[in-house]
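There are 2 protein chains.
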Amino acid sequence: MSNFLTSFSHDFFMQEALKEAQKSFDAGEIPVGAIVVHNQKIIARAHNMTEKLNDVTAHAELIAITSAANTLNFKYLTGCKLYVTLEPCVMCAGALAWSQISEIYYGANDLQRGFSILTHSNLFPKKIKIENDILAQECEELLKKFFKKLRR
Amino acid sequence: MSNFLTSFSHDFFMQEALKEAQKSFDAGEIPVGAIVVHNQKIIARAHNMTEKLNDVTAHAELIAITSAANTLNFKYLTGCKLYVTLEPCVMCAGALAWSQISEIYYGANDLQRGFSILTHSNLFPKKIKIENDILAQECEELLKKFFKKLRR
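Residue numbers (our numbering), protein chains in the order written: chain X, 1 to 152; chain S, 1 to 152.
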C-alpha cells in the first residue's frame with residue numbers, strides 16, 4: 001500500500017513531467033515538460049515545441065491544456081492538476097487561469113519570465129507601442145450585440 | 001494618393017479585424033478578431049474559436065501569432081503590428097510579448113480580463129492552489145544542462 005501511495009506523490013507526477021522535458025531536451029528545445037492529472041490519472045503529456053513548430057505559443061503548458069481538454073471533451077480543467085517543470089510564464093499563467101484548472105505544481109522558478117513578475121507589470125519591452133480606442137465603439141458594439149443575443 | 005493613405009490607416013486595419021470578429025459572432029463565439037500586418041500587408045487573419053475548437057487557448061491573438069509566424073516562416077514578429085478588436089487578455093499579452101511584435105492596436109477595453117489588470121496581479125482566482133519547489137533541483141538541472149550544451 002505504501003508503494004501505491006508513493007506512486008501518486010507530487011514527486012511521481014513531476015518525474016513524469018520531467019520525462020516530457022527530456023523529450024524537449026533531446027529535440028534541442030528549451031526543456032520544459034508538463035502533464036495534466038485528473039482523478040489521479042495522467043490525461044495529457046506535453047513538452048515545449050516552440051522550435052519544432054516555429055511558434056512562440058507552443059509551450060508545454062499550452063499544449064497540455066489543449067490536449068487535456070481534448071481528452072476530457074470539455075473546455076475547462078476544473079478538478080485537474082498541472083505539473084510543470086518550470087514556473088509558467090505570463091502567457092501560460094493566463095491560459096491556466098482561463099482553463100479553470102484547480103491546482104498547479106511547478107519545479108524550477110523562472111525569475112525573469114515566470115508569472116511572478118506580474119506584480120512588477122513589466123510584461124512588455126519598453127520599445128513596444130500600444131494604443132487603444134481605435135474603432136472602440138464598433139468593437140464594443142459587436143460584443144454587446146453578441147451578449148444581447150445570447151441572453152435572449 | 002489620399003485614398004491610398006486612407007486605406008492604410010489604423011481604422012482600415014481595424015475594420016479588417018472587425019470582419020474577423022464578425023466571423024466569430026456568426027459562429028456563436030465571443031466576437032473577437034485580430035489581424036497581423038507586416039510592411040502594410042495583412043499576413044494573418046484570425047478570430048476567436050474557443051468554442052469550435054473546445055480550447056480556451058484558441059483566442060484570436062494566439063491563432064494570429066501562430067499564423068503570422070507560419071507566413072513569415074520565422075518565429076518572431078518583429079516589425080509586425082497586431083490589430084485586435086478587444087484588449088488582449090493576460091494570456092494573449094504574454095504570447096504577444098514572446099512574439100516580439102512591435103506594435104499593438106486594440107479597440108474595446110476589457111476591464112475584467114484585459115492585460116491592464118496585471119498591476120493588480122489578480123490573475124488567478126483565490127481558490128487556486130499553487131506550489132513550487134517540487135523537484136526543483138532536477139528541473140533546474142535539466143535546464144542548466146541544456147544551456148551548457150548550447151553554449152559549447
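Hints were generated in silico from the structure; no laboratory data involved. We put the CB at the ideal spot given by N, CA and C, even for glycine. Wrong hints could be hidden among the right ones.
[What the hints assert, rightly or not] Sample of chain S residues at the chain X side, in silico, Cβ under 8 Å:
#, residue
1, Phe8
2, Asp11
3, Val56
4, Leu142
[Unchecked claim] Calculated lysine-lysine pairs in the DSS-like style (CA-CA distance at most 25 Å, straight line):
#, chain 1, residue 1, chain 2, residue 2
5, S, Lys149, X, Lys19
6, S, Lys41, X, Lys148
7, S, Lys52, X, Lys144
8, X, Lys149, S, Lys23
9, X, Lys52, S, Lys19
10, S, Lys41, S, Lys81
11, S, Lys148, X, Lys23
12, X, Lys19, X, Lys81
13, X, Lys81, X, Lys144
14, S, Lys52, X, Lys149
15, X, Lys145, S, Lys149
16, X, Lys19, X, Lys52
17, S, Lys23, X, Lys144
18, X, Lys75, X, Lys41
19, S, Lys52, S, Lys23
20, X, Lys23, S, Lys144
21, S, Lys19, X, Lys149
22, S, Lys19, X, Lys145
23, X, Lys145, S, Lys52
Lys52 of chain S paired with Lys144 of chain X [C-alpha distance capped at 25 Å]: holds (21 Å)
Given pair status - Lys41 of chain X, Lys75 of chain X, alpha carbons within 25 Å: Answer holds: Lys75 of chain X to Lys41 of chain X is near 18 Å, not above 25 Å.
Straight-line alpha-carbon gap Lys23 of chain S to Lys144 of chain X, limit 25 Å: holds (15 Å)
25 Å limit on alpha-carbon distance, applied to hinted pair Lys52 of chain X and Lys19 of chain S: Violated, at roughly 31 Å.
Lys145 of chain X paired with Lys149 of chain S [C-alpha distance capped at 25 Å]: violated (54 Å)
Hint consistency between Lys52 of chain S and Lys23 of chain S [alpha-carbon to alpha-carbon, up to 25 Å]: holds (12 Å)
25 Å Cα cutoff - pair Lys23 of chain X, Lys144 of chain S: holds (15 Å)
Pairwise hint evaluation, Lys81 of chain X against Lys19 of chain X, where the allowed Cα distance is 25 Å at most: holds (17 Å)
Per-residue hint verdict: Asp11 of chain S, partner chain X, C-beta under 8 Å: holds (6 Å)
Hinted pair Lys81 of chain X and Lys144 of chain X, Cα distance within 25 Å: violated (35 Å)
Restraint outcome when Leu142 of chain S is required to lie within 8 Å of chain X by C-beta distance: holds (5 Å)
Given hint Phe8 of chain S near chain X, where the shortest CB pair must fall under 8 Å: violated (14 Å)
Checked against the numbered hints listed earlier, the structure breaks hints 1, 6, 9, 13 and 15; every other hint is satisfied.
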